[in-house]
Structures are given as structure tokens and as C-alpha cells.
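The hints should help you fit chain E onto chain G, whose structure is shown.
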Amino acid sequence: MDYVDELIVGQLRNKNERALSELYKNHYPMVLKLVVENSGTEDDAKDIYQEAVIAFYQRVQQADFVLTCKIATYLYAVSWRLWLKKLSGKKRFTLKVHETEQFLQVEEEITNIEDENKRIAIMKTSLEGLGQPCSSIIRDFYMNALTMEEICAKFGYTNADNAKNQKYKCLQRLKKLFFDAYKIVS
Amino acid sequence: MTNEEKNLLDTLHAYHAGTLPGEDRLVLEESMRSDANFRNEANAYLSMLRTLQRTAEREKVKGVLEKTHAELPAHSFKKSFRLPGANKNVKLWPAMAVAASVILMSIVGTFVMTQSVKDKQNAEFRELRRRVEQITKSQKAMMEDIAVVKEKEEIASSIYAGTGFLVSANGFLITSSHVVRGADSVFVENKKFGMLKAEVVKSDATNDIALLRIIQPFASTSLPFTIRKTESDLGEQVFTLGFPREEIVYGEGTISASTGYKQNSSSYQIAVPVNPGNSGGPLLNQQGEVIGMISGVETETIAAAFAVKSPVILEAINSVPADSLRKPLLMSTSNKLRSLSRVQQIKKIQDYIFVVKVYNH
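Residue numbers (the working numbering), protein chains in the order written: chain G, 1 to 186; chain E, 1 to 361.
Just chain E, same shape as in the assembly:
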């Protein structure tokens, strides 16, 4: 590096700093004007010196500003400058907390709501199913009713129907008291005797026994069966005949318990298939003795029907005052079925078993 160059740098530095004496400055400016190469060189240096100065200045100013910024009281612009979100630390947190809780609540709420909706749907469904079950039940019942009513319509237009059987040749028969409950008029009917008008002589709701008397004249014949005076034993083979439908229906089974519904000692529990309409039907043993009368079924249990015991029936019959009977109740004393086969027994018995039709006007 020559001394000339060194001098130039010093001159340019002085020129840049504004300390170059007037004469030298004019000389320099003249040289730059006249000599393009020199001008470029000089301008490059001057530009660099200016940039150095600016850099220094900037660093210094930046330092001042940083210091000032640090001195800014945090609360001063918060006060003079109330803006949501202006100061994240202070302003945003409450808003964010609110927003977060809203989001959380909506999530939880949605969850709870969907859950409850789900539950409701399930409940609805169960209810619906229950209803359907109920409908099925009621439809079933209705169909049964319709079936019963149809039967009656074919025979007659009775409303309630049950079974009854003769206990004396002169027109007394018994049935379940619930069959004739609230009856305005009662008719009994079977194939042999046709339809006969009857009246309720006595109704014993406690033991579910009703004594009827046929008030129309009819050809009386002696009964082939007797009513057993003593209780039968557990496990005894029994059978019944009744009118759950238009035809007389046979059913057989055993005595499965010596007490009836709710430990009722006046009834047996029997394992015999019975249906609505069987009520009031006779329960007979192998020898053809009437040992009871069908009264009802327990809905909860399968194949659990109940029959009023024959001694109770006899007691009920005997308790009826002779005055109200109008004529003596002559009960059969000889069993003509003892040695017969079941088929023969049934043939003999069925003529004395009636459909009991009750009209409630």
C-alpha cells in the first residue's frame, strides 16, 4: 500500500467526518468529478465509511431503545392501552380460560347429551319393546277373546264362558264362582241336552264354587260318577274335561301339590294343561271319581293349575239351605266308571259336562 493510498484513506475519512479543510475538500471533489476511476474508488470507500458509521449509530441507538424498552413499565401501556389481546400474559389468559371452559363444557355437554339421548333411546326402545310385548299379549288375549266370542257366536252370543258339570240328576250343577260373577242370565249347553237355562243358587267366592240349577225341564238321568269325600293323594293320576273351546277338551296330569295358590289348603296344585274356559271343569281320578274342580292357573309358573278339592265342593253344596234349593239335591252314590277305560269313562262323563255361558247385560 502506497503512501498515496494511505493519504487518500485519511482524506476520505476526514471528508466523511466533515473535518476536511475547505481547500482539500474542493481538491477531492474536483478529482472525483474529473476522474471516474478515482470517483468510483473514493465513493466505494465513502460508502463503506458511511455504512460503518450507520452501523455504529444503529448499534448505539438500538442499545438506547432496548434500554428504554426494558424501562417501559408493563402496567403503563396496559392502562393507556386497554385492548383485548394487547398483552397476552395479562389480557389473553382470562379470555383463554373462558374459551377453554366453554370448549370443555361444550365437549362434556355434548357427551352428556349424547349419552342421555342414547339412554333415552334405549329406554324408548325398551319401552317400545315392552309395548310390543304388551301389544302381543293383548293381541293374544284379544285373539283368545275373539276365538271365545266366535265360539259363542256360533253357539250363542255369550260374553263369558266356563265349564260346569252336573252333581245331581235333577239339574244341579257346579262351576267356578268367577265364571258366573255378575251374571244376568246363565245358560248351560252341551251336545246331549242342548242349551238350557240355569240360575245361580249359590256362589261361594271364597272357595270359587258356584251352585247352578237348570230351570228348564230336561230328561234327567242318573250320574255315572260320584264326588269323592276325602282328599286325594299327591302324585295321583288325574284328568279333566272342559270347554276351553267349542269342543270338549280332554287333559290329563297329576296332583303335584296338596295345596293350591298361596298355600290355599282348599285346593290342589295340578299338572294338567288347562286354558281359559276350563274353569269349573271336573277333575277326576283313575276311578272316575270327581276329586276337584278346575279353578285357575298361576300365570308365572308353567303347568301350574289349581283345582278346588272335592271335600270343599261337597261342603259348599251341603251348606246350601234346603229352602233355596227348591227341590232335593240328590247326589249320585254309585260310581259306574270304576272299571272302564279312560275312553269309555270320557264317553260316559261328557254328557254331564256343560258349557256355562254367562250374559252380562
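So that you can see chain G by itself, here it is in the shape it has in the complex:
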């Protein structure tokens, strides 16, 4: 396996932002070419490529992740499948690369990415629907990993227990909003 790729994967697992940035820079031209040559714009290329990179990044974080091909191949294949899906949605087909060209068994990957994106989108909507201060408390505690003390100070809660109780109520409400929306969507 490519030594540089292994190094990058290792760094991504450590959530090294510089490694992520380098990875992004290294393979963007390839995907830009792919998308632009197939009826896409530069913005399309950017959206598609970022999806692929985020997917790769999250795959790398998983404990069972093993790099079985070059990073470039993964990014190319995923970007291509994502772009095909977007194109079929837009109904504008002028494909230069042949449909039969298969690089990986990426369908599962694409499905995972799509599910993930769907869940994240629902979560964002649910968080917005939660209103303040719940939305901020949840974000700070579960997403930004602030301690309860920091949250108390931020929101001016005199008692940490009050803040905790607020947090539990917010989480319960979020759970309801999230799963209701999720059921509707799926």
C-alpha cells in the first residue's frame, strides 16, 4: 500500500487538519477535471469532491477501516458515483467517461454517504427546530464538547444541576424531533 497514503490515513485518524488540507489539495484537480468534462461546473466539482473527502475522512475514523486502494482511487470512484447520481437527478447527461467503467464496489459507500448526509440534514433541521437555549446547549455539550461548568458560565446558570436538567430535557425533545423527522423522511 502507498506509503504516503498510509501516512495520511494515520494523520487523519489523529484528526490532523493539515493532513486533511493536503489530501484535499492533492486530489482536487482530478475530480475537477472529471466533473467539468462531464457537464459539470467548478462549483459542482467542489461540492462533489468535498462530499467524497468528508466521506473518506469519516470512513478513516472508523475502527475497522482498512485502506484497500489508493486514496485517489477511492476519491475518484466516490466522486464519480456521486456525480452520476447528481446528473441523473438533473437530467443532463453528456458523459465522457463510460458508464460501465467500474473502479470499486462503491455503491455501498455511496449508500452510506447518502444515509449519513440525510441523517445529518435531519439533525440540523431538528436542532434549529429545538429553539434556544436548547439548540446551543446541545451543540456545546454534545458537539463542541464543552463541560457543564463552561455551559453554566456561558448561559448564566447559577446551578449546574439546573443546567443539567435543562440539557436532559433538551436532549429528550431533540430525540423526539429527530426521530419523528427521520421516520417521515425514511
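Please keep in mind that the hints were generated in silico from the structure rather than gathered at the bench.
Quick caveat: nothing in here was measured; it's all calculated off a predicted structure.
All the pointers check out, no bait thrown in.
Between beta-carbon pairs, the in silico distance windows are:
1) 89(G) <-> 97(E): 30 to 36 Å
2) 26(G) <-> 37(E): 45 to 51 Å
3) 168(G) <-> 72(E): 43 to 49 Å
4) 73(E) <-> 154(G): 36 to 42 Å
5) 154(G) <-> 29(E): 30 to 36 Å
6) 168(G) <-> 73(E): 47 to 53 Å
7) 104(E) <-> 114(G): 43 to 49 Å
8) 39(E) <-> 168(G): 16 to 22 Å
9) 72(G) <-> 35(E): 42 to 48 Å
10) 154(G) <-> 10(E): 18 to 24 Å
By construction, the Cβ of each residue, glycine as well, lies at the ideal position given by its N, Cα and C atoms.
Okay, now just chain E, sitting in the frame of chain G:
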């Protein structure tokens, strides 16, 4: 919300974060395995926590990627990535400019070409029409020629024909010089005398007068008309007799100008209908005096014919040396037509008017 529930949430949060101590984790996992309801509840929370984490992660990564994307030097991928159309701002504009100019040029070119084709078509059409006009003209001329030739064929096979009239009883007659131009042999003919061979005594191209002499013997009679020695006046009623066709044709009109073509002072302009073949015909006034000889027409103007003035004719006749005449040219001195009606005048005159046939072999 009970404390139990609160504890569960904390436990699940710790479990999700991987900070739950080993013992508690085993207890939780055992509880989830054994209790389906609890498992569903716990999994729902865990799923939600995972999604929250992923959302946070994604937002963070997205931020990094956006920042990185903004840092991408625009020229770096242009260099490493030379593709037409890869960068619309840079790559497409020249191509688009070329395409646009090609389109523009083809539009303009098509326009210009169709215009020029249109013009050509118009030109062609005009030309064609002109040709048709020319053809019509030439056909007309041909038909005239044919008509003339037919006449001649019925009489004889002459090529050119005009009119001539006797100026003396002993066989001298005059006609237009252009009628006998280049003649090999000349014949004169009319109903009374039939066909007679003649010769050109003198041809004055300047005044368009030719003096002929009939060289065959013929019964000479005195002429009923005289040639006027002075010029006639403007507006005087005149008439002519000639052979534009096989028959002798009468035409009348007035003297409309005292000068001829291009202010030629030796001619009159006359308003008398004349046609090819009338050349050399006498122009007579009311009294039956010859006041001129038809010479031609102006093609551009309607009813503008020209006649050589009688004094010029006399001068031309008199200028001919007596030696070349072979016999004296005795001109009539008495006008016998003065008091006659036009019809009577014509009857008397027509015997002395001939078709002049010229053969150019």
C-alpha cells in the same frame, strides 16, 4: 424525567464517547442484550448522539475543506491541469470568443452572400431582360429585314433597298448616298417602267446625296414636278412617297425644324412618318415642288425624321462635272402639279419614283 433516565443519558453519552468504565459498559451492554425495549431506547439515543457527533465532525471538516479550497491557488490547477473548459473564466473565454466570432462571421457572411446573390440575380434578371429587349429588337429588325428581303425576293433578290426619284426626263435620278454605299450594281424599279439598270454617277456622303443614271433605254417623259431652289419655311405642309415596303407609301406632315440632325443646316427636321426604305424619297410641298429628300430618322426621338434640303440637292447635282454625266441633265422647269389635289398629285408623281435596289456581291 427521573434520575434513572438522567443517569442513563449520562451513561449512554459516556459509552458513546468511549469514556465509560469497563464495568459499567459491560452492565449496559448486558442490559441492552437482555431487554429489547431498553435496547431500542438506548440505540435511539446512541444513534442520535452519533449523528450529533458526525454533524459536528462534518461541520468541522467542512470548515477545513472550505478554508483549504479558498487557499487553492487559482493558477496551480490551471498549470497542472490544462483542460479546455476546466476553468471557465480562463479557458472558456478564448474559445467562446472564437466561437462567437465564427458565428458572427457566418451570420454576416451568409447575409452578405445572400445579398450578393440577390444582387447578382437582379443583375442577371436585368441583363436577361436587356437581352430579351435586345432579342426583341433584333427580332424586330430581323423581321423587318425579312420583310424587306421578302419584298425583294418577290421582285428581285436585292440586299439593300431605298427610294429614288427622277430629276430629269433623260434618266437621272437621285437617292440617298447611304442607300447605294458600296454598291456593285444598282437597279431601279417601279410599276410604270419596270426594272431598269442604273449606275452611280456621284455619291455625296456629306450631304447624303447620290446621283444615279439609268443606263438602260427607257421612254422618257417630262417630269411633272420641279425642285425648289429656295428653302422652305417652318410649319409648311409636306408629304412624301417612298418604298418602305413593296408598295409605294404615302406619308404627310410638316417641317418641324429648319435644321436637321445635330443642327445640320443642310437638312430639315420633319414630322412625317418614315421607315427604312423611305430614304431617298422626295419631300414635296403643297404645290408639288420637291423641297427635299428623306435621309434618315433619329432613333431617340419619336416622329423626328430628316430631309436634305432641295437647294443642297440642286447644288450637288450642279456640282457634277458635265463630262461624267455623259449626257445633259435637263431638269424640269415647269410644275404641273400646282393646282392639283393631293390624290392627283400623287398619281402624277408616283411614276417617277423608284425602288432603288442595291446589290453588294
